[in-house]
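K.L.:
Residues per chain, in single letters:
Number of protein chains: 2
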Amino acid sequence: MRIGELSRRTGVPVATIKYYVREGLLPAGRLTSPNQAAYDDTHEHRLRLIRALLDVGGLSVSSIRDVLEAVDDRTQPVHEVLGWAAKGILGPAGVAADPAAAAARDRVAGLIERRGWQVAPESPPAEALAEALAALDRVGHGVFVDAVLEDYADAAEDVARVDLEYVGRHGSVEDMVESVVVGTVLGEAVLAALRRLAHVHASARRYGAAAVPPAADGSGAHSS
Amino acid sequence: MRIGELSRRTGVPVATIKYYVREGLLPAGRLTSPNQAAYDDTHEHRLRLIRALLDVGGLSVSSIRDVLEAVDDRTQPVHEVLGWAAKGILGPAGVAADPAAAAARDRVAGLIERRGWQVAPESPPAEALAEALAALDRVGHGVFVDAVLEDYADAAEDVARVDLEYVGRHGSVEDMVESVVVGTVLGEAVLAALRRLAHVHASARRYGAAAVPPAADGSGAHSS
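Here the protein sequences come in this chain order: V and Y. The opening residue of the first sequence carries number 1 in the numbering used here; numbering runs sequentially from there. The opening residue of the second sequence carries number 225 in the numbering used here; numbering runs sequentially from there.
Just chain V, with the same shape it has in the complex (with noise of 0.2 Å):
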């Protein structure tokens, strides 16, 4: 198909597409002619990947780039791959060198061996939960890492095992790591937006809500 096509099959403008092909994000079309490329579905669905990951994952065209990368790269063992996809988005980690930074990191190895989680205390994921917790401490919350940190523990081991068993069903590693970088990038706006959602529906029941009657065993004070 023509970039017109392209454009009007995926909704997205001319103009972009032909950013994203000179950004390395979209591979070019097969040339027909001097100045006419011909685009296929392939083309199509990494348009569509493309869009997925800047509107609803939030990434930068740079961070997609690293992330495409990865995918068209079939030199890897899967086990890299799915290890990858915590590296590859995360980026490189960067933890300041404070009290707080340290005291979380020790936390973050203390809860690695206690669940006997096999990831190494220093891969990006632990550091990234390392910084996370640090700036909960510095901003006076440390508190709440110690209410909620092994409550949020059981919910990931709870819900990267459905994610396993959704990447495991792919025959093809080139779908499989596709289904990892969608899975990591899309399921983690999926599980906020529910938390978010669930969040509301706990404060309407504790607090009382405006918009919705109360919930029909009363104030809901001690209730989920």
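These are computed hints drawn from the structure, not numbers from a lab. Everything numeric in this text was worked out from a predicted model, so none of it was measured. All C-beta atoms, glycine included, are put in the ideal place defined by N, C-alpha and C. Accuracy of the hints is not assured; some may be wrong.
What the hints assert, rightly or not - Here are a few chain Y residues that sit away from chain V, every Cβ distance over 10 Å (derived from the structure):
#  : residue
1  : 227
2  : 238
3  : 252
4  : 285
5  : 290
6  : 293
7  : 294
8  : 296
9  : 327
10 : 364
11 : 427
As the list claims (entries may be wrong) - Some but not every residue of chain V turned toward chain Y, in silico, with C-beta under 7 Å:
#  : residue
12 : 14
13 : 18
14 : 21
15 : 31
16 : 119
17 : 139
18 : 144
19 : 148
20 : 150
21 : 158
22 : 191
Based on these hints, arrange chain Y on the given structure of chain V.
P.N.:
Okay, now just chain Y, sitting in the frame of chain V:
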């Protein structure tokens, strides 16, 4: 304290502090002479909160301004403020009007009804969820949603319950509002990092990892 001391304590450069004051994120110091201002602990605390929302939460300067305005607005009743956290941080939702979006909205409405959540289907987190589900559908991973949505919703309910218990512990509305903001934004970063850690562990068990010895129970093809 002078601005240099505030900078030293928080690690935020003086020029950056001045920028936050100009942008309305941080209240100006109390003028002690025509070109000298005094800052106190409330400035230090606010500055740490700004950095946490920026660095770990990944919010933009304009989102942070909106969030802090709501934190400072004492006229709102508690449940409005709690519900607001989802609104203010998510920003205006923009779900496209294609068949994937319509199907996703129906799906979200069904989920809310099935779970008995007291949330309007047109509320911002519901729209954000619909947008994420539609994006998954558009990239051909709609089946991911079938596979994981109910388990994700279970996990979100568990997490929201412990979040609300934490928020409920705070006596003053001021503290409560801040804990909602911090818990929403930084809690999301904590949960996302934990999910990625749990992914690495689950894939190491399932597919074997180069850097980590295999689990004692063997290949782990059917282990959680």
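K.L.:
Each hint needs a verdict: does it hold in this structure or not?
P.N.:
To see whether the hints hold, each was checked on the structure:
Its beta-carbon lying about 19 Å from the closest one in chain V, residue 227 (chain Y) satisfies the requirement of being farther than 10 Å from that chain. Under the 10 Å C-beta cut-off, the non-interface status given to residue 238 (chain Y) relative to chain V holds; the minimum distance is some 18 Å. With a cut of 10 Å on Cβ distances, residue 252 (chain Y) stays outside the contact zone with chain V, its closest approach being about 21 Å. For residue 285 (chain Y), the requirement that its beta carbon stay farther than 10 Å from each beta carbon of chain V is met, with the minimum near 16 Å.
Consistency note on residue 290 (chain Y): stated as away from chain V, and its beta-carbon is indeed over 10 Å from all of that chain's, at 16 Å minimum. Non-interface call for residue 293 (chain Y) relative to chain V: holds, since the shortest CB-CB distance, roughly 18 Å, exceeds 10 Å. Every CB of chain V is more than 10 Å from the CB of residue 294 (chain Y) (nearest about 14 Å), matching its label as outside the interface. With 10 Å as the threshold on Cβ separation, the claim that residue 296 (chain Y) sits away from chain V holds: the shortest Cβ distance comes to roughly 16 Å.
No Cβ of chain V approaches the Cβ of residue 327 (chain Y) within 10 Å, the least distance being about 15 Å, so the stated non-interface status holds. The beta carbon of residue 364 (chain Y) sits about 7 Å from the closest Cβ of chain V, which is not more than 10 Å, so the claim that it is off the interface is violated. Non-interface call for residue 427 (chain Y) relative to chain V: violated, since the shortest CB-CB distance, roughly 4 Å, does not exceed 10 Å. Hint on residue 14 (chain V) is violated. Least Cβ distance to chain Y is approximately 18 Å, over the 7 Å limit.
Given the 7 Å rule on beta carbons, the hint for residue 18 (chain V) is violated: about 21 Å separates it from the nearest Cβ of chain Y. Checking residue 21 (chain V) against chain Y by beta carbon gives a least distance of about 19 Å; that is not within 7 Å, so the hint is violated. For residue 31 (chain V), the interface hint is violated, since its Cβ never comes within 7 Å of a Cβ in chain Y; the closest pair sits about 27 Å apart. Look at residue 119 (chain V): its Cβ gets to within about 5 Å of chain Y, closer than 7 Å, so that hint holds up.
Taking 7 Å as the C-beta contact cut-off toward chain Y, the hint placing residue 139 (chain V) at the interface holds, the least distance being around 5 Å. With a cut of 7 Å, the hint placing residue 144 (chain V) at the interface with chain Y holds, because the nearest CB-to-CB distance is about 6 Å. The beta carbon of residue 148 (chain V) is positioned within 7 Å of a beta carbon in chain Y (closest approach about 5 Å), and the interface hint is therefore held. Below 7 Å, beta-carbon pairs count as interface contacts, and residue 150 (chain V) has none with chain Y, the closest being about 9 Å; its hint is therefore violated.
Below 7 Å, beta-carbon pairs count as interface contacts, and residue 158 (chain V) has one with chain Y at about 5 Å; its hint therefore holds. Residue-level restraint check for residue 191 (chain V) holds (minimum Cβ-Cβ distance to chain Y is 6 Å; threshold 7 Å).
Hint violations for this structure: numbers 10, 11, 12, 13, 14, 15 and 20, all remaining hints satisfied.
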